Amino acid sequence: MSVATLSAASSAAAAGRLAGLRLPATVVLSFAIVALVIAWSLAPGLFTSQDPVNGVPAHKLLGPSVTHWFGTDHLGRDLYTRVVYGAASSVTSALIAVVIGVIVGGLIGLLAGFLGGWVDIVLARLVDILLAIPRFLLAVIVVTALGFDTTNTAIATGVSAVAVFARVMRAEVIKTRQATFVEASFLQGGSRWYILLHHVLPNASRSVLALAVLQFGLSILVIASLAFLGYGDPPPASDWGLLIATGKDYLKWPWLVYAPAFVTIAAVLSVNRISRWLRKTD
Amino acid sequence: MRQRYLTYAAKRLAQAVIVILLTYVFTFVVISILPGDPITNVLRDPQNGFTEDQIKAIVAAQGLDQPIPVQLWTSLSHFLAGDLGLSMRSTRPVTTLIAEVLPSTLVLASSGLAVALLLAAVIAYGTQFLSKRFGQGLLRAFPSLFLSVPNFVIGLVLIHTFGFQLGLFRVIEPESAWATFFAAIALGIPISAQIAEVLIANLDTESRQEYAAVARSRGLGQARLFAKHLLKPSSLPVVTVIALTIGELLGGSLITETVFGRMGIGSLVQRSAAAQDLPVLQAVVSLAAVVFVLVNLIADLVYPLLDPRLRLVGDAKQQPNTADESSAPTLQAVTG
Chain A
1061 MSVATLSAAS
1071 SAAAAGRLAG
1081 LRLPATVVLS
1091 FAIVALVIAW
1101 SLAPGLFTSQ
1111 DPVNGVPAHK
1121 LLGPSVTHWF
1131 GTDHLGRDLY
1141 TRVVYGAASS
1151 VTSALIAVVI
1161 GVIVGGLIGL
1171 LAGFLGGWVD
1181 IVLARLVDIL
1191 LAIPRFLLAV
1201 IVVTALGFDT
1211 TNTAIATGVS
1221 AVAVFARVMR
1231 AEVIKTRQAT
1241 FVEASFLQGG
1251 SRWYILLHHV
1261 LPNASRSVLA
1271 LAVLQFGLSI
1281 LVIASLAFLG
1291 YGDPPPASDW
1301 GLLIATGKDY
1311 LKWPWLVYAP
1321 AFVTIAAVLS
1331 VNRISRWLRK
1341 TD
Chain B
3 MRQRYLTYAA
13 KRLAQAVIVI
23 LLTYVFTFVV
33 ISILPGDPIT
43 NVLRDPQNGF
53 TEDQIKAIVA
63 AQGLDQPIPV
73 QLWTSLSHFL
83 AGDLGLSMRS
93 TRPVTTLIAE
103 VLPSTLVLAS
113 SGLAVALLLA
123 AVIAYGTQFL
133 SKRFGQGLLR
143 AFPSLFLSVP
153 NFVIGLVLIH
163 TFGFQLGLFR
173 VIEPESAWAT
183 FFAAIALGIP
193 ISAQIAEVLI
203 ANLDTESRQE
213 YAAVARSRGL
223 GQARLFAKHL
233 LKPSSLPVVT
243 VIALTIGELL
253 GGSLITETVF
263 GRMGIGSLVQ
273 RSAAAQDLPV
283 LQAVVSLAAV
293 VFVLVNLIAD
303 LVYPLLDPRL
313 RLVGDAKQQP
323 NTADESSAPT
333 LQAVTG
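Chains as they are written, first to last, in our numbering: chain A, 1061 to 1342; chain B, 3 to 338.
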């Protein structure tokens, strides 16, 4: 009984806190869409009972219907099923890209901003180089260097995002480093490491988090573009970009392009909305 | 003031040259540490039909038998002399290959930029004429929508609707005027979003300024206030933002050209990437970097002359040239 009251109380408290946040309706919807996409990628089998790889040739190129929400493709495979099974690859790739950007870019920005001096100068030039090469071209070059597959497109996308993270992190670190409370902490005998871990990083993390969420959405787009150009895994992989690329050869059956495109846009739009909301609720 | 500007210009110029050289080296290193071996991948490909003697000749001509630092030095000194080397696949000069496809990309990129500017202006300036309750929110949502759509999807939708269904252009003639127009729209839409976001942010900042409040209290309507007071200060900083979008214009062309089947730099990169034709990739990346750095250099040098609010304070680091992608460029406005 006590457990029940406890959980009831805590859930009431949670609801209260949630109400206190006063989430805009679009943000709630965005979280719901992102949650759905993550659920798709974790357990695609729960959302569809059809086979993503082997189709029924007799059912090829059917329009959207109750049994086939997004219609079927040229091999008679259910497109909704392919989108659901493709989520894992698209989400994981974008995650890899963001992690690379945050860790490498964050470290560069942190060192440049915190150490200053010649370290800053050298790292600033490195970031200038990365910024001088058009982002997408940089991704193409890196994926060409690494070889064509989906993980490599994710790595390439991450490399192309390093400069942006480095820049924001550096700016945040410099901003915090000059704050009065950091000076106070230093005068009280706080070591550089203590200040870095307890003051600079937590303060910078908010902006970097918002940027990371934004870059997650952007990475989905870049990875989809790379898959569209044929730098990712070949079919039967069902990355969203690849699905759209396959669909473009069957423009007479436009849902083959529109359905996966709609899912991609909805996901990216939601992620962008969340990022905007994070930036505003500082 | 004049002296300061010249020092600033000299500093920026030196910086630009250094970045271009370092970018060349960086690209060379990235390409050279390729796990794949261009000799076996390209030259020994039976489709190319080279004999062993020919392969040896090409390897010697490209200097591929030299150690990497020597290769880098040769390649860099040739680059500085304007020689971009020979394509590994077709053994033709890279300069010729690029010159053949450059006009197509220039047409696409410049019309894409025109579309982007026009759309951004319509969206951002439009917010000034719509009321908060009606329409303005909708208009403000456009940039984030545009940023969420992959530009190849826009291209495909345009091809499907205007090419196939309405028959406005024939897909097999990708360089025709209509096809170019729609390709420019596909390329321009995502870029317009970035420009519009900065414009809207600037307009919001400016309309919160005291001078705007004074003008309103004098009874100036929103339309006149916008035209007489807000338009110029909020639009000028966009010069630097446009310069920053050059990279995306080039990257976007890569995809748009593939979608529309145009023969431009993008399709050259596509073919060279597939064939691991490294000299071509090296050349295109370096040229893209040169264009990007020069355009930004020009924007940074011209901008202080355009905007009278801007006085050069301190060293070049504090210049507004490094506008964050996430926020509007912060101006160092002179107060008093």
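Rather than coming from a laboratory, the hints here were simulated on the basis of the structure. Incorrect hints may have been included.
A partial selection of chain A residues facing chain B, derived with a Cβ cut-off under 8 Å [unchecked claim]:
1. V1087
2. V1088
3. P1194
4. R1195
What the simulated footprint calls covered on chain B by chain A, stretch by stretch (three residues with Cβ under 8 Å from a Cβ of chain A suffice, anywhere in the stretch; the number is not a length) [claimed, not checked]:
5. 158–169
6. 282–288
Some residues of chain B that are not near chain A, with every Cβ distance over 12 Å (derived) [claimed, not checked]:
7. L23
8. D85
9. T93
10. Q224
11. R226
12. D279
13. V304
14. P306
Remember, predicted model here, so these are calculated numbers, not experimental data. Note that CB positions come from ideal geometry on N, CA and C, so glycine has one too.
Hint check:
| no. | hint | verdict |
| --- | --- | --- |
| 1 | V1087 | 13 Å, violated |
| 2 | V1088 | 17 Å, violated |
| 3 | P1194 | 4 Å, holds |
| 4 | R1195 | 6 Å, holds |
| 5 | 158–169 | holds (count 5) |
| 6 | 282–288 | holds (count 3) |
| 7 | L23 | 10 Å, violated |
| 8 | D85 | 21 Å, holds |
| 9 | T93 | 20 Å, holds |
| 10 | Q224 | 25 Å, holds |
| 11 | R226 | 31 Å, holds |
| 12 | D279 | 10 Å, violated |
| 13 | V304 | 19 Å, holds |
| 14 | P306 | 20 Å, holds |
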